[in-house]
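Visitor: Chain by chain, the residues:
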Amino acid sequence: MKRIIRERKVRNFHQAKWDEPVIFELHKPGERGVEAPQAESAIEAAVGDGISSIPENMKRTGLPALPEIGQAKVLRHYLRLSQETLGSDFNVEIGQGTCTMKYIPRVNEMMIRTPKMMDLHPLQHEDDVQGILEIYHRLDLAMREISGMDRFSFQPSSGTQALLTMASIVRAYHDSRGEGERRNEIITTMFSHPSQAATAVVKGYKIITVMPDEDGFPDIEQLKRAVSDRTAGFVVANPEDTGIFNPRIREFTDIVHAAGGICYYDQANANGLLGITRAKEAGFDMCFFNLHKTFAAPHMCGGPATGALGVVEALAPFLPGPVVSRNGDRYELEEPGDLSIGKVRSFHGVAQTVLRAYAWIRSLGADGLLNVAQAAVLNNNYLYHKILQIPGASAPYIKGSRLEQVRYSWQKMTEDTGVTTEDVTRRMCDFGLHYWTSHHPYVVPQPFTLEPTESYSKEDLDEYIQALAQISREAYSEPETVKNAPTRSTVHRIDDSSFDDPAKWCITWRAYLKKTASPQTEA
Amino acid sequence: MAQPKQTAMHPYIPNMIPEVQRQMLDEIGVERIEDLYRIIPDELKLKEQMDLPPALSELELRRHVEKLLNRNQSTQDVLSFLGAGCWPHFIPAVCDEINQRSEFVTAYAGEPYEDHGRFQALFEYQSLVAELVDMDVVNVPTFDWAQAASTSLRMAARMTGRTEVLLAGTIDKDKLKIIANYITPDLTYRLVDFHHESGELNLQDLRNKMTGNIAAVYFENPTFLGTIESQGQQIADIAHEAGAICVVGVDPISLGVLKPPSQYGADIICGDLQPLGMHMNYGGGQAGFIATRDEEKYVMEYPSRLFGIAPTIVEGEYGFGDVAYERTSFHDREKGKESVGTQTALWGITAGVYLALLGPYGMQELGQTIMQKSQYAATLLGQIEGVTIRLQSPFFKEFAVDFSQTGLTVEEVLKQLRAEGIQGGRDLSSDFPELGESMLLCVTEVHSQEEIELLAAALGRICSRETKGVNSR
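Protein chains in written order, with the UniProt record's numbering: chain A, 1 to 523; chain B, 1 to 473.
Isolated chain B, as found in the complex:
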């Protein structure tokens, strides 16, 4: 005889078996589950069932979600040259393997004795990034680069007792919004001009804006516009002469070939880990880092967790734990340094895996490949009539391309590229009107020669169509 279908159970909720519930209620001495809610006043209780779509089985759920996701065109479906804070990079398979490990995915706040591996992996992440930036202290990751920059500025302000910061004018305007919100109301900021032909910081404007109340000078290298800032030491010197702290934001994937900012005067370095093994995830792959020298005055200003190494009671064992935990808001609530909570630790572990795989030569070679490919792209695009590479400084990975001379707006160029199945770069025309009709194109190691040439050919066609159109009018 067929058994009746069992419908009461949900696979995620084991204690829905009526007999088990009865047994538990009897143990507690309560008649019904509803009685456990007696403390909630009736007027606060929902009178009707929530209006939500019906539940789906696992198979139905997969069909439903996959149907939705199939409406997305991923960067595997179309050729993409978008960067601007979230970049396409090669991700070794081992990064994905470790990143998906159930132990790491479902761990959280365990003690060093049950999560020894997590503590070690994060200590190693700190140590590997430390070699890249040539500093002795690195934190467990923050939310993203913008958060890392914001906290770096607040650290500088606490250390100097000053309330104003100067930021390079090439900064990403979205990042600026995050920083502005985070430092308000304690700190204010001013932007320092940059040379519109080269992308370099305007040192005279920096000097003019330096006052005795400047806590920090923040600039990025490479800049948001891709250019390499060659005046790092001069900027740091100007900051230091005025008693300010020099904070430098850096793309860590550039550091196989670019000098780490610690070697040209940076006191605090920050950046995003996403290039080091994280998929783009529609922007969910971002994670920030902060690095400083191993000086008490710096270390004690970190709000983040810092994992240290120490002996155990058994000779030969490595132990790990929280350094100076009492500085954190976990310990000290409102008296702690800023606030700390869940951040982006798994991305930190993944970045560690990435650096361990690439090693010193891999990072150097990768940096070189990125420079070669992006330069090749710039060379091809610069040959298109009416198209100019906007900034004259050497660049890393990204560069601004100006279409002003073609008579086209960036918006139109992007639209026509889309029609050819190509995602162009980020439109800079509203955030950086001084750069004309420019877009920020990103070329990395993932782009093949053929793909770069496809982009150049498509842009060549688009611009020549427009030129012909102009001539015929």
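So here's chain A without its partners, still in its complex pose:
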């Protein structure tokens, strides 16, 4: 037979398109998705219908207007929606810089889905949950070794919640020393995650943002001017979202300490640093790791997750509780003392993610973690080198010295062709690849942030690079192809003009039905 030629630069991809109705449109009166469990007849005989006891004014009078749908239809519907979702298992997921999409080991997913894990109640007697408590403790020990911190809590359920917890600890610490009123400022940097500033505001702090210097490092002179006896804390990521590691970080933490502030480290993403350098040596008092980033727990469409929070000994009494302690061969939930900030998430955080991270660390060991960091940094620098060869692309600030990610810019391509980074986002979907611009505000113009992690091979990276190179060629030769993208996704360009208009936005199906009921409202 004829040999099939498969020599393409970029993948000939088309995403699943099921033209799937909104679930309410599947409603067929009388259909059933599942039978609700019924009470035994003897119970009914003993207590009657059960609902007569509800006070009249508290009885539901009409049924909720949920759809009635047979089980196979429900399953089909959601499977179709899943096919219309590009998870990181399906693409070379290096386009979500700052968020380290990496391979999710299947064995870990299997292990969290056993009854010994899924069907545990968080208030069970400690003797009945020694297995999961031991896993909490073992992960705590590993995290201490990786960070140099002295104690970990796994209660925060995301990086944002870990940042909020750290800001809460900063407040509690200064309050305990009678300086809470005066110390009302937290210093952060422009290239930090938005949650660093936002969570500090929730805890009542004024934010001072240190801008980058001409090389992209946080400006140390600005920091010196920013600290005072009002400084409560300093929060920073290193490397920042640019991928630039600040080599003077110890000077930064020393300056803040000298002013009486607490230094806390956003290590949501520590992928390039495992076994290389730690929070402790850089002078931090607290740090957190996103177990759903560096430690290979999945992101699950946006949670649940874990922001594992480590502190130095002096701050341990402020941690939310309980934390797990070892007492001989027994593991116990240690209730917090008076200095604790209390609690930030119900029960003990997301136990499944704790197990996943523990399993991942155990599957790599110290050597493996170092290999992860090195492969991630090698992959990133290879990508960096190749992308700078693509017409229209650049990486502002210092040349080289990028660790696990880089913030790039399409500024030149936009100036030359009018094609923006948002256009590139849509066009990358046509190749089955995820690409994210960057956090706001766009200090780097027309930004995009890529982070390859250790999970991808050279061939994977080359595929991603080829897709970006193709889009650059298109921008310079046929820009409308990029601007009109996507063409091979589930849907075409969305008319987003209603999303900021209270009269038109539709956040639920019932609101949509109301707001589109008359022809005038459709205009």
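Accuracy of the hints is not assured; some may be wrong.
Below, simulated DSS-like cross-link-like pairs (lysine-lysine); rule was C-alpha separation at most 27 Å, straight line [as the list claims (entries may be wrong)]:
1. Lys297(B) to Lys206(A)
2. Lys483(A) to Lys412(A)
3. Lys504(A) to Lys297(B)
None of these hints come from the bench; they were simulated from the model.
A quick note: this is a predicted structure, and the numbers were derived from the prediction, not measured.
With chain A held as given, fit chain B onto it using these hints.
Guide: Below, chain B alone, put in the same frame as chain A:
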């Protein structure tokens, strides 16, 4: 001839092949990987290898972890009546199937064009919960109920410009800790008394504590103690008369039979999604929701993402995207509303699957089953000498059982139940001393008649042993 064993590679790290690494380094123009770390000063570099246990192969890992997990007694191994914020419920198999789908498990921050399905599934989740609570706006889930309540209170404070909130005294003390931390230092709270015989809120105490600085009144229905609060409208009226916002926390699985709080004056409704298709996961199954009316002043105060529906350039296509994205901290950093990040989106999708499966009749029937079974349990336990059902209001799913008259402490009762292979309820004696030696028992649709009777028989034996012991002294 046997090939030498290949040891350099790790299955999770493809680029460890030495030749490939060499090729990549040559491309970059660097001699060694270590050179890529040149920017990190030596004094910050680790000098020794980390002290971690040796790496395990997949088979070894499974053996190791399964051995650890086998030290757990799950609620499938023992009969359990624990609830108190994390509840055992029937989970349809389709919920697990969708919840495990690799596409959803490994998706994250994709655009509407690559993650159309995720956006639609979350829009549908919002829409399904909206029908349950009878409101027009629901958010993409928060961390948990406590977070949803905390954010609801901060939303109310921003809307009213006031700085104090009143919370029903029946609140779970752990939830209170989370709220207290989250609203500090901007807001302060006070607890409103409840009637210790009925569990109902003390309206007189509420009126006494209402001032012009109260941003919100928060109560739950059913309460943490399981009772149905029948004064919802009066509480809302008192709040509204003083210019405060009425926030109601609700267990969504009760809403097939209980009136949604929007119909008795709630302005903001919040609660936990865990009952709607999530395994307990040692407390990792919690996820919060917030619902309001579709009014700009409410919508603009959400910190969370809100997914909306919109047309695309092709007639007949549904598109989805972020509504009013500029309110979020993603967009506006410290000027955004509170903060948003990874929350519990997959649980939201799963809750949507659950509601789609159950449908209106399923939710109604399930609510009824829960009421029947929990009432049956209460009836049996109330017949045991010395045991009383502590609160007299009608209840849903959970109820406080007082052992004071038996001469036993809750701690002792729980210990003896454990000896019989039964997990009793949550001990309330330290958080609610006014209820005596009480425990909060949870009975849902998963408990069979036989299991309820086993509990009653065990408690009967335990209490009668004690009574005999007392008599013989």
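Visitor: All hints are to be evaluated individually against the structure, with a verdict given for each.
Guide: Structure-based check of each hint:
1. Under the criterion of a C-alpha separation no larger than 27 Å, the hint pairing Lys297(B) with Lys206(A) is consistent with the structure, at around 25 Å.
2. Between Lys483(A) and Lys412(A) the CA atoms are separated by roughly 16 Å; this keeps the pair inside 27 Å, and the hint holds.
3. A hinted pair counts as satisfied when its Cα atoms are at most 27 Å apart, and Lys504(A) with Lys297(B) qualifies at roughly 15 Å.
Consistency note: the structure conflicts with none of the earlier hints.
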